[in-house]
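Peer 1: Let the hints inform the model, and build the full structure from the sequences given.
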Amino acid sequence: MEATVVKTGTEGKTWGGGNDPLKASYGKMMMWFFILSDALTFSGFLASYGFSRFKFVDAWPIPDEVFTHFPFLHGVDAPMYYVAFMTFVLIFSSVTMVLAVDAGHKMKQNKVIFYLFLTIIGGLIFLGSQAWEWATFIKGDYGAIETKGGQIVQFLDKDGERVALRDFAALATGERTEQTKENGIWYKEEAEYYPSVSFEQVKAGFLANDNLLVRIQHKDEHGHHIVLNREESIAKVVNDGVLVVEGANLRHNEYGHPLFADFFFFITGFHGFHVATGVLINCIIFFNVILGTYERRGSYEMVEKVGLYWHFVDLVWVFVFTFFYLV
Amino acid sequence: MAHEHKLEIFRGALKFKSNVSKIWGVFIVLSIVTVVEVALGIIRPAFLVEHHFLALKLLNWIFIILTLFKAYYITWDFMHMRDETSGLRRAVIWTAVFLIIYLVTLILIEGDYIFEVYKNGYIKFDF
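Chains as they are written, first to last, in numbering that gives the first Met the number 0: chain A, 0 to 326; chain B, 0 to 126.
Treat the hints as calculated values from the structure; they're not laboratory data.
Where a beta carbon is used, it is the ideal one built from N, C-alpha and C, also for glycine.
Don't take every hint at face value.
As the list claims (entries may be wrong) - Just so you have them, the derived chain B footprint on chain A, three or more residues with Cβ under 8 Å:
(1) 22-29
(2) 37-44
(3) 87-93
(4) 120-132
Peer 2: Shown next as structure tokens:
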């Protein structure tokens, strides 16, 4: 502010204030340092994921076998196509954002509005996709048995194809009844979630069907889960099996180690939270642009600062995509 | 505010006429890299899966390098790091790169050590 008349006698000197050696405004610089700290938070999460994965490196689920679904294509094995689509949506919304920033530099209000609108739409499509991805993961696919040591045992037929529990469970025997208040001691209620078949049904169906084998969580030297022969399979299910697992939650995970599901929910959830706040902030800026706030201010730098955050969200997704789905 | 954009990517091998065409050019580069990643992830070529370098599969090294490549172009061109002063660039990038490499190295070595303990120690994780 030139109106201030107080002089300190240090004008023009290096430490006299008023210099910006980084040639960036305060807001933009602080956005960069916020992004730096947020990047370190995400690296902490991804590093702890790597820690757990290295810890159980011979028993970790294979992502290609977990994320195999595509909306409206039931029963089609489509590993990673959907998450590749999500990646494109996010990169493209990054492109429209940077186009909005560019239009802002040229003070073209209508172009900024148009590109910001596309960016918000892209963010919403991504969030919807992620909700679908979570729902599919939680619902599960084939189902599995958990052993008393917390290992996951999955069922295969003789050709090595996965078999769903509902396809072979002996539904006539040993149905699991839900614990209710009326017939319980004290107020003990159902503690675990409620799978569609009981362990007894699965066991009876498995023993009755000679075609079925199991594969365990541990992997051989080629990185495939070890498939047991019929005798070993029966021994595994009868001696060790305790629980039916369908889908994934924070405690049980039919795809393999529960930590895989925990990290999936936590890291993609934290990223999704960033996308959601990014969409919210984009909306606020969008309405400000429509109202002409930045036109009157004479600078669209606010769009640029929000753009930095939005690109950062895209940047994080690039890493999440690699370490959760590819590696 | 005058905004100068540097319009060259690939160390000057590719020079664009305007900032908008540079944005689209970078988008095409990022798309190609993503397509390559997904294709490699689905095919998983046997040679790249079976050979290791520093305890990681060659395929995983390729994924990590392509990811860093994408991260570089997102930061440099979408976030305009290319146009910032070297002071700001180093304050942000060097800090992040140093701390992340440090953290990841220590944590992964520790994870590998615990794996060995579980595998060869007295407590078995196989029941």
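Peer 1: None of the hints should be skipped; say for each whether it holds.
Peer 2: Hint-by-hint comparison with the structure:
Residue count for the segment 22-29 of chain A with a Cβ under 8 Å from a Cβ of chain B: 3. That meets the three needed, and the coverage hint holds. For the segment 37-44 of chain A, the stated coverage by chain B is satisfied: 4 residues place a CB nearer than 8 Å to a CB of that chain, which reaches the threshold of 3. With 4 residues having a beta carbon nearer than 8 Å to a beta carbon of chain B, the segment 87-93 of chain A meets the requirement of three or more and the stated coverage holds. Proximity of the segment 120-132 of chain A to chain B, defined as three or more residues with a beta carbon under 8 Å from a beta carbon of that chain, is not established by the 0 residues found.
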